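Student: Sequence:
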Amino acid sequence: MHNKRITTFFALFVILALLVSACAAPPPPSAGGEAASGEAASSGPSAADFQVGLVTDVGRINDRSFNQSAWEGVQLAAEQLGLPEDNVRYIETQDSKDYADNIQQFIDAGYDVIVTVGFALGDATMEAAKNNPNVMFIGVDQFQAWAVDDDPSNDVPNLAGLIFHEDQSGYLAGVLAARLTETGTIAAVLGTDLVPPVVAFKEGYEAGARSVNPDINIISTYHPGGLDVAFVDPEWGAATAKQALDQGA
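The sequence shown begins at 0 in numbering that gives the first Met the number 0 and counts up one residue at a time.
Check before you lean on any hint, since a few could be wrong.
[Stated by the list, open to error] Simulated DEER-style distance windows between Cβ atoms:
(1) N212 x A238: 32 to 42 Å
(2) G109 x G81: 11 to 21 Å
(3) N212 x E126: 45 to 55 Å
(4) E84 x G247: 46 to 56 Å
(5) L75 x A240: 43 to 53 Å
(6) R209 x L75: 31 to 41 Å
(7) A238 x N216: 18 to 28 Å
(8) D192 x A237: 17 to 27 Å
(9) Q246 x A108: 46 to 56 Å
No lab work stands behind these hints: they were computed from the structure.
Note that the coordinates shown come from a computational prediction; the quantities given were computed from them, not determined experimentally.
Don't be surprised by glycine CBs; every beta carbon is placed ideally from N, CA and C.
Make a model of the complete structure from these sequences and hints.
Tutor: In structure tokens, the structure reads:
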């Protein structure tokens with residue numbers, strides 16, 4: 000998933016750069032080459048006033064996964080765009096029941112852009128975007144309904160979803176694993192199959208491995224828990240990986 004971390008990092012950087020430029024850029028000068036007398040120098044908030052908030056999925060900003068890469072992307076964009084450090088904040092979600100409340104904290108504080116990280120935050124992000132058209136939202140691993148049902152009327156103009164080709168990165172990982180194995184057995188320790196990107200990665204992984212060796216033995220294991228625990232359970236991950244090793248992976 001290292002490639003996804005890099006892609007998430009730069010995707011957030013680019014989108015935030017565009018949003019800040021669009022919202023904080025001064026209007027074009029009048030015909031005389033200067034701003035019209037008595038008019039404000041800017042039609043939107045200045046960089047000093049622009050605020051960006053990030054809400055993690057259940058997990059932390061040092062998880063070495065998408066929460067961390069998203070936060071690092073936000074930080075880099077803020078630094079490059081000259082936003083004060085205090086204008087960029089995060090909330091680490093402790094319980095999935097808090098998704099909407101955590102987003103609302105940034106809305107109530109007047110934040111201009113809110114980044115939400117993870118498929119599980121999709122519904123809460125969509126609802127918040129619809130109810131707050133003057134706030135820009137970025138959803139990582141989230142898509143808009145019209146992109147699926149091809150109905151532009153379902154578009155939410157203040158919400159940008161970032162979707163990645165997990166099947167392709169999984170395919171490459173599967174090819175590499177199949178070429179490296181000395182036993183003919185490989186494994187994948189995965190999050191919950193309730194998240195479509197996780198399923199896409201698994202299917203790509205298995206397809207990539209079988210492109211190298213159609214008879215390869217693949218042990219793919221999903222976490223049995225729900226969204227609230229599947230990505231914050233290192234003990235299960237370690238135990239499942241050990242089981243795969245014991246089976247020859």
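Student: Could you run down the list of hints and mark each one as holding or not?
Tutor: Hint-by-hint comparison with the structure:
| no. | hint | verdict |
| --- | --- | --- |
| 1 | N212 x A238: 32 to 42 Å | violated, 27 Å |
| 2 | G109 x G81: 11 to 21 Å | holds, 19 Å |
| 3 | N212 x E126: 45 to 55 Å | holds, 46 Å |
| 4 | E84 x G247: 46 to 56 Å | holds, 50 Å |
| 5 | L75 x A240: 43 to 53 Å | violated, 32 Å |
| 6 | R209 x L75: 31 to 41 Å | holds, 38 Å |
| 7 | A238 x N216: 18 to 28 Å | holds, 20 Å |
| 8 | D192 x A237: 17 to 27 Å | holds, 20 Å |
| 9 | Q246 x A108: 46 to 56 Å | holds, 51 Å |
Of the numbered hints given earlier, the model fails hints 1, 5; all others are met.
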